[in-house]
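Trainee: The lines below spell out each chain.
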Amino acid sequence: MIRVISIPPLATVQDLGRDGHWFEGLGRAGAMDPVSHRIANILLGNSTSAATVEIPLTPARFRFETTQAFAIAGAVCGAKLDGRKLPRVFAGMAKAGDELEFGPISAGARVYLALPGGIDVPTVLGSRSTQLREAFGGHEGRVLNPGDLLNPVTHSDPALPPSGLSLDLPEFRLPKEGEIHLRALPSTEHDTFDPDALQKFWSEPFDVTRQNDRQGHRLSGPELTRTSTGELRSHGIVPGIVQVPSGGQPIIQLADSATMGGYPKIAAVIEPDLWRMGQARPGDTICFHKVGFAEAARATDDQEAAFAQAKQALANVREPELSWA
Amino acid sequence: MLTLEHMNELAGTMIANGIASLEVKGNDYALRLERSPDAASITADAPGLDLMTALSPADGVFHPRGEADGLPVLHSGAQVVEGEPLGYIGIGPVRFLCVSPTSGQVIGTLPVKGITVSAGDPLFTVEPRS
Amino acid sequence: MVNSSLTPIGSRAVLYQAECPFDLEHQRRFWAMADTAAEWAGVREAVPGMTNLTLLLDRVPLELDDLSDRLDALWRSGVSKPVEGKLLKVDICYGGKGGPHLGDVAEMTGLSIDEVVQLHSAPDYTVYAVGSHAGYCYLGGLDPRLETPRRKVPLTRLPGGSLSLAGLQTGVSASAGPSGWNTIGSADVRFFDPFRTPASLLKPGDRIRFCPVKVAA
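Chains as they are written, first to last, in the working numbering: chain Y, 1 to 325; chain A, 1001 to 1130; chain R, 2001 to 2217.
Just so you know, not all the hints are guaranteed correct.
Label-pair distances were calculated between CB atoms; the ranges are [as the list claims (entries may be wrong)]:
1. R:2156 / A:1107: 52 to 62 angstroms
2. R:2198 / Y:83: 44 to 54 angstroms
3. R:2212 / Y:283: 45 to 55 angstroms
No lab work stands behind these hints, which were simulated from the structure alone.
Glycine included, C-beta positions come from ideal geometry on N, C-alpha and C.
Generate the whole structure from the sequences, applying the supplied hints.
Mentor: Below is the structure:
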């Protein structure tokens, strides 16, 4: 059990999101960086559906009310347990009374905190994610506040070496120097943009602006003009869609995306690359790379293979003959 | 594990550096090496330092700190606190943390990236803060 | 020959559009297509937009040709879903604090406030699509005399239950959020409740009638 001592606004409990209610206009919510969320869970041997705490911006402080295992993954944020520095990705034991601190972020944008079995919040419409706009799910349908208590789903801790564990997969490292590369498919109105605008879109960097939240990121870069005009009829949109409103500056929809929209769509970022946007912050740059379905499918498979590799590697070191206990 | 060979090595290091006593802490044991009073008298003017050693927590490949872990690169002479990660032992993508046994200053040469180590191998020497 | 397109909007999401007028007759065909496509293997959800259809897929497709042919065939078949769903009567307080732009709409349309309310509450609106935010209904049937432009400065936070209009569209927000439309009234209805089954109060084909209970300038 951990208590929130201090927390930035907009920290929420999230899992991989809500599926199957899109037809009712309900977006999927879920972790903005599903990779770090999953790594934190994998380190504790949690299931894919376990919930974590998503902490943007930092600083934040938690106190362990009981001795128990925990894991963190995501941004570089000067994490410390009881005054001891922790690596960006870490699983270990905390003693009752220990404080877990996250200082200012120096790379990335969000930290994920996992407890054994996941954060214990009710499942609503098939998920534990906080639905901020509709105010349900997660911890009482709201952002976390100081004083909140968070319980693990299971009260037995996974076997962990006394000094703790980390994981390092090249696929899941934070982008170097804040340079984020996103693979994207040309979307519905792609060919209605000026050839010059298209050339720039696929080759020049865009800046991440301060206008960003769980719903999406507004980017700034070369102006993207269209050869045709006219209003579109409202249609489905999903996280990853890159829309270009009349100002010519793109917006990427993310985890809390609306389900329908009406702006021209230049491209669609492939799902396995979306986690990088969850770690994007003002000052970072974005480069779009045009791909087709074949590469999108391969990237999806590669990412799942990396998760499987991480799980297998952890299972191997947990085998009794290699036990550290 | 700590073998007799390691202890001979440590004793050699102690003699070479005029160290009177050395404490080695593992996860579930502590070992204190002291030079005999006769031998110690030879270097009577050397300070009575209790150097401590951070041991490898597992068999694997050594990875230095500060590569993709968000922590600053570790240099000899750095001040560290007890429990702070000094480096990692990798088994595939899994990293076991090698943490400092005490608060103080990291001294001596640091392990080289990529070397294969065994559980219990001494990796870092830390001079406790007095 | 069908003038249609099937394009990616995500690595596992595609949008089908076919050239057609924007009216109830064609919308009914997209409702029918959504019902059929939702049963196809590999389709997670099939959701009608405004005379278009979005499919969420289980896996990343390797190409779209086959899916595109099947959707074209479905469109050509002309299958239609002539639902007359339930009629929801919604009490509306026009104007006042919950409808700050009622006066602006009267001015923009050259109508009196009473005429705006009368024209707006006259028809039974049809739910064309549900989306944007949970439980929100895209309605068809607004009187063209009430057509107005979007606001230059959007409201950053409009409470749930706000009745707004812009262009030829009107609707009631189901939860608090930003809006660039003209807000002319408010209602006390829960359009979405996660603890109700189904969670969304209305679905495509249902109808809404707005009943003025109060009009304030």
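Trainee: For each hint, tell me whether it holds in the structure or not.
Mentor: Hint by hint, here is what the structure shows:
no.	hint	verdict
1	R:2156 / A:1107: 52 to 62 angstroms	58 angstroms, holds
2	R:2198 / Y:83: 44 to 54 angstroms	51 angstroms, holds
3	R:2212 / Y:283: 45 to 55 angstroms	52 angstroms, holds
In terms of the numbered hints stated before, the structure departs from none.
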